[in-house]
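Quick mapping for you: the protein sequence lines, in order, are chains E and C. With my numbering, the residue at position 118 of the first sequence is 118, and numbering never jumps. With my numbering, the residue at position 62 of the second sequence is 62, and numbering never jumps.
Among the clues, some could well be false.
As the list claims (entries may be wrong) - Each pair of labels, with its calculated beta carbon distance range: (1) E:Pro-233 - C:Phe-146: 39 to 47 Å; (2) C:Ala-205 - E:Val-114: 50 to 58 Å; (3) E:Glu-78 - C:Leu-161: 22 to 30 Å; (4) C:Phe-212 - E:Val-251: 38 to 46 Å; (5) C:Phe-146 - E:Arg-125: 28 to 36 Å; (6) C:Gly-162 - E:Gln-51: 38 to 46 Å; (7) E:Ser-85 - C:Phe-146: 18 to 26 Å.
Unchecked claim - Some but not every residue of chain E turned toward chain C, in silico, with C-beta under 7 Å: (8) Trp-19; (9) Pro-62; (10) Phe-159; (11) Leu-161; (12) Pro-165.
Think of the hints as simulated: they come from the structure by calculation, not from any bench. We put the beta carbon where it would ideally sit given N, CA and C, even for glycine.
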Amino acid sequence: MNRVSFLLGRLLQMVVVLWVVATLLFLIFRLMPGNPLVAYIDTNFTAEMQQTLLRQFGLDRPLHVQYAIYLGNLVRGEFGRSFFSREPVSQVMWQVLPNTLVLTLSALLLAYVVGVLGGALLAARRGSWTEAWGIPAVLATRAAPEFWVGMLALAVFSFTLNWFPSFGATSPGSVYPNWWAKVVSWDFLRHLTLPVLTLALYLQGLPTLLMRSTMLEVMDEDFITFCRMRGLPERTILLRHAARNALLPVVTAFALGIGYSIGGNVIIETVFSWPGLGRTLVRAVAAKDYPVAQAAFFLIACVMIAMNFVADLLYTMLDPRVSHEQQ
Amino acid sequence: MSSSERAAALPQWTRATSTWRDALLVTWAVARRDRFALAGLVIYGVLLVVALAAPVVAPYNPQDLNYRPDGEVAADEVPSLPHWLGTTNLGRDIFSQVLFGARAALVVGFVAAFGVVVLGTLVGLFAGYYSGWVDTLLMRLADVAFGIPFLPMAIVLVAFLGPSIWNTVLVMILLLWRDTGRVIRAQVLSLRTRSYVEAARVLGASHLRTMFVHIAPNVLPLSFLYGSLAVGWAILTEATISFLGFGDPNVISWGFMLQDAYNSQAMARHAFYWFVPPGLCIMLAVMAGFFIGRGYEELLFPRLRRR
């Protein structure tokens, strides 16, 4: 099996997984307590709106027809209307998705820069005091509940020192001409700091440990011995030769990390009241706003599954040694 | 090292273990040779003792409202001799809640880890042993389980099934068997071709007997490795689900305590004595799982220990 057909196979698998997830969602929300119509129609909607939704989702038709209509609507990004804001769900998603992406990507970038450097350092100082304390310390950051670290950060930096605001993405009442103006504003960045630092503290554990172990593996290889024989300084060997070759699994993990942390963002966004996808999901589930919950979940699943695919793609393209021969 | 490489590295020493009893002895050996693993076991030991002794040791019922001598509700008290860690905004004793929280953590952690490992090991055994369509079916199921975002799915399912501690455990078992399943399968694939397995088949052992008597003991250390990690993850996950407001409202867990503190603005009131202890407990319990897991890993994969 060559590379192209391997990737095509993975692409097909990705679509199948998405389809299974969508089907699970369909079943769960149809089985939710109460009338099956509750998945889309709130009794407070106007009669006219109820009729429109009824037709749009085929809720008066048999279940298998509903399922077909449901899949068709998903493909077109049609999720119905929020029970609360009455807005189309897709509009709600467009409002929160950018916030989640900004938060996740900046935290991941920070985490991976720190993690790669820290992991390389731990590998270089193998057997030293730094390593003896460094590894348990990294494990501690992975064991500490994210929401608890967030609460500590809020208690110390927001409520005691007053350095950062304690909730939201912008101060109440602030208006910006466009999205970019908002994102680069001082106010937004101040709101972003604590969530990003808390998330990055949690996320750096994986790249740190991964970088360390692959560095140690690479350091055993012949070309490093050859570098030593050439008399290159240890620093050059570590940074120019070992670290560069150890980066591959870390790059792959980065793509996976985008997917996983978007799923895990429900925690950080809830603690810091960050108006993103995860918090929207938590609030929608708690408030039984089923259309919004369904859409938020589906979007998170899409990002995650797509990123799993990207990781495979990167892995195949970056390392010529990876082969997909049929065994 | 990828999981399949690990599995390939394993058999050199596992060949000696052929019974369940031996497998358990190997497990025991981990604690004696690694001080981190020992620390992990000590933490679990303390957790067990506290959980069992909580009703005796705790000075108050964790759900009871406490009153001052003048009859007022003892709300928002700072730490004092009668209330070592102060009281909540409703006048509940925080120290007693921390002690009782160990019970929820222990039950959730061990029951969920046991379920995850049993399910994962069974899937791995069947997929690896039978290969063919059984393998394809089970591994595609694992792919789907990997494609489902864990926390969002847990929230939706718990909201759907109703907030109870057993639903939380059930959701974890349903979604987290995937890692154990894949690793065990890789290991079984290599064990299946061993001569002693073939010998057992030639001597007329049934498929089930070969699987459970001859192969299973050799994958058991790996199951224990994933089990010890799963205990920590389960405690952390239960805490997270409780914190997000989908936990069992009738069970005092550390996650429930943190949600309580968060919702009643304990951070704004600088009530560190309220929200620091439960978080520390969760962290220690999860680290204990990591440490024991590391101990196993070094025993199972000596190549790592050299480093």
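Which of the listed hints are broken here? 6, 7, 8, 9, 11 and 12
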